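Asker: Could you put the whole structure together from the sequences, leaning on the hints where they help?
First residue of the sequence shown? That's 1 in the working numbering, and the numbers climb one at a time after it.
By construction, these hints were calculated from the structure, which means they are not laboratory data. Among the clues, some could well be false.
Taking lysine to aspartate or glutamate pairs in the EDC-like style, the calculated list, with each CA pair at most 20 Å apart, reads [said to hold, decoys possible]:
#1 LYS43 / ASP61
#2 LYS64 / GLU88
#3 LYS86 / ASP61
#4 LYS64 / GLU46
#5 LYS86 / GLU44
#6 LYS43 / GLU88
#7 LYS86 / GLU46
No experiment lies behind these values; they were computed from the predicted model shown.
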Amino acid sequence: QVRLVESGGGLVQPGGSLRLSCAVSGNIPSNSVMGWYRQAPGKERELVGVVSTRGSPTYADSVKGRFTISRDNAKNTVYVQMNSLKPEDTAVYYCNLRITNMNYWGQGTPVTVSS
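Answerer: Pasting the structure below:
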């Protein structure tokens with residue numbers, strides 16, 4: 001059974017940084033895609049960025065140049081380094097694992113950007 005566990009969320013001031021981690025347990029095939037989505041209050045869940053097993057990450061325009069997604073295949077872990085955070089980045093961040101047409105989600109970790 002696949003299980004995703006996020007960590008690293010919290011409160012940060014505008015302009016600050018946070019690093020989120022997502023550890024995946026279970027058998028992960030080589031053709032999987034891992035990444036991050038977020039959902040702000042009153043809004044729909046949206047893509048932050050994703051990375052395949054051997055590819056380069058792709059990002060939403062709203063986070064390009066500020067967020068960096070990386071993946072450690074040996075540890076079945078995906079990270080997002082978030083720099084220059086803005087109040088509009090406030091959301092619950094969800095880790096996602098996609099294996100062909102199956103999607104798996106973590107429980108979410110809240111990020112609040114506020115002074």
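Asker: Now look at each hint and say whether the structure bears it out.
Answerer: Now the hints, each set against the structure:
| no. | hint | result |
| --- | --- | --- |
| 1 | LYS43 / ASP61 | holds, 17 Å |
| 2 | LYS64 / GLU88 | holds, 14 Å |
| 3 | LYS86 / ASP61 | holds, 14 Å |
| 4 | LYS64 / GLU46 | holds, 14 Å |
| 5 | LYS86 / GLU44 | holds, 18 Å |
| 6 | LYS43 / GLU88 | holds, 12 Å |
| 7 | LYS86 / GLU46 | holds, 16 Å |
In terms of the numbered hints stated before, the structure departs from none.
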